[in-house]
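Novice: In the order they appear, the protein sequences are chains S and R.
Read left to right, the first sequence gives residues 796 to 932 (our numbering).
Read left to right, the second sequence gives residues 796 to 932 (our numbering).
Honestly, the hints are just simulated from the structure, not real lab data.
Glycine included, every Cβ here is placed at the ideal spot set by N, Cα and C.
Be aware that a few hints might be false.
Derived DEER-like restraints, expressed as beta-carbon distance ranges [as the list claims (entries may be wrong)]:
1. 916(R) x 902(S): 36 to 44 Å
2. 817(R) x 889(S): 16 to 24 Å
3. 914(S) x 816(R): 22 to 30 Å
4. 832(R) x 902(S): 22 to 30 Å
Take a look, some chain S residues computed to stay more than 10 Å from chain R by CB distance [what the hints assert, rightly or not]:
5. 800
6. 824
7. 829
8. 831
9. 914
10. 919
Just so you have them, the derived chain R footprint on chain S, three or more residues with Cβ under 8 Å [stated by the list, open to error]:
11. 804-816
12. 867-878
Number of protein chains: 2
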Amino acid sequence: MTADDTNALLFANEAFYMAFQTHDMRAMDALWSDTQTVSCIHPGWPPLIGRDAVMESWLMLLANQAAPNITFSHPAATIIAGTGRVICYEALPEGTLVATNLFHHDGNQWRMFHHQASPSPAPEEADDDVSPPPRLQ
Amino acid sequence: MTADDTNALLFANEAFYMAFQTHDMRAMDALWSDTQTVSCIHPGWPPLIGRDAVMESWLMLLANQAAPNITFSHPAATIIAGTGRVICYEALPEGTLVATNLFHHDGNQWRMFHHQASPSPAPEEADDDVSPPPRLQ
Chain S
796 MTADDTNALL FANEAFYMAF QTHDMRAMDA LWSDTQTVSC IHPGWPPLIG RDAVMESWLM
856 LLANQAAPNI TFSHPAATII AGTGRVICYE ALPEGTLVAT NLFHHDGNQW RMFHHQASPS
916 PAPEEADDDV SPPPRLQ
Chain R
796 MTADDTNALL FANEAFYMAF QTHDMRAMDA LWSDTQTVSC IHPGWPPLIG RDAVMESWLM
856 LLANQAAPNI TFSHPAATII AGTGRVICYE ALPEGTLVAT NLFHHDGNQW RMFHHQASPS
916 PAPEEADDDV SPPPRLQ
């Protein structure tokens, strides 16, 4: 893993949230892999597997102009066995989510093949790290 | 990807739930990668990154003999860019979760490097598939 790979991975993760924030379906479509089986688990949804189901969900979500704004923070990027993994927090008006975003490299760029977002405590502002000690809840 | 690879991946996923069900910390420890940066997102917890934090969480969860029983169903396994991905439902007395379990192959076996479980609708019994049409909620 080189720093460049990780920077490109973080850039792809940022591009995902930019497409989300700007309701840019064309950018969202281009970000997702078209060679691998993609999967997406929106909060409270059943798992979606396959490009048609995943893109249909984004079309619905991005078409909703009243959708709340989303921002991400604390991205932690690691490359493992050819897969780029970014774990980050997502801030919405209703609360905090934690997301796992997975990418594979198509020879040219990192392409997303999995997204799962689920409810989480807010990040602790004092921490620079996304891995505070576990808390029993 | 061969059928054997996928079967071994499903076997590793089953071994994870067996360790969970039987509170077998030694088996759980052996399942998780000791060469890659592991991550784990339990429902409602902040993300845990690194082997120490992840194993400490399993030690706490498995030490609780009163913990509810967990079963999994509808596993969907795919191998992408060297990563084995299994998405499945988890049934607990309190409700249904959906989990993403990621593995890398260490040359001998599939080793887990990521687990995220989050609240989900129950699977539709009529479906053999984990990918029903998306529902807005």
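Novice: Each hint needs a verdict: does it hold in this structure or not?
Specialist: Status of the hints after comparison with the structure:
1. About 38 Å separates the C-beta atoms of residue 916(R) and residue 902(S), a value consistent with the hinted range of 36 to 44 Å.
2. With their beta carbons about 38 Å apart, residue 817(R) and residue 889(S) fall outside the hinted range of 16 to 24 Å.
3. Distance hint check: the CB atoms of residue 914(S) and residue 816(R) are about 25 Å apart, consistent with the given range 22 to 30 Å.
4. In this structure, residue 832(R) and residue 902(S) meet the distance hint of 22 to 30 Å, their C-beta atoms being roughly 24 Å apart.
5. With a minimum CB-CB distance of about 13 Å to chain R, residue 800(S) clears the 10 Å threshold, and the non-interface call stands.
6. With 10 Å as the threshold on Cβ separation, the claim that residue 824(S) sits away from chain R holds: the shortest Cβ distance comes to roughly 16 Å.
7. Residue 829(S), annotated as away from the interface, keeps every beta carbon of chain R farther than 10 Å; the closest lies near 13 Å.
8. The claim that residue 831(S) lies off the interface is violated: its Cβ sits roughly 5 Å from the closest Cβ of chain R, which falls inside the 10 Å cut-off.
9. Not every Cβ of chain R is farther than 10 Å from the Cβ of residue 914(S); the closest lies at roughly 6 Å, contradicting the non-interface assignment.
10. The beta carbon of residue 919(S) sits about 8 Å from the closest Cβ of chain R, which is not more than 10 Å, so the claim that it is off the interface is violated.
11. Counting residues of the stretch 804-816 of chain S whose beta carbon lies closer than 8 Å to any beta carbon of chain R gives 0, which falls short of the minimum of three for the stated coverage.
12. Proximity of the stretch 867-878 of chain S to chain R, defined as three or more residues with a beta carbon under 8 Å from a beta carbon of that chain, is established by the 6 residues found.
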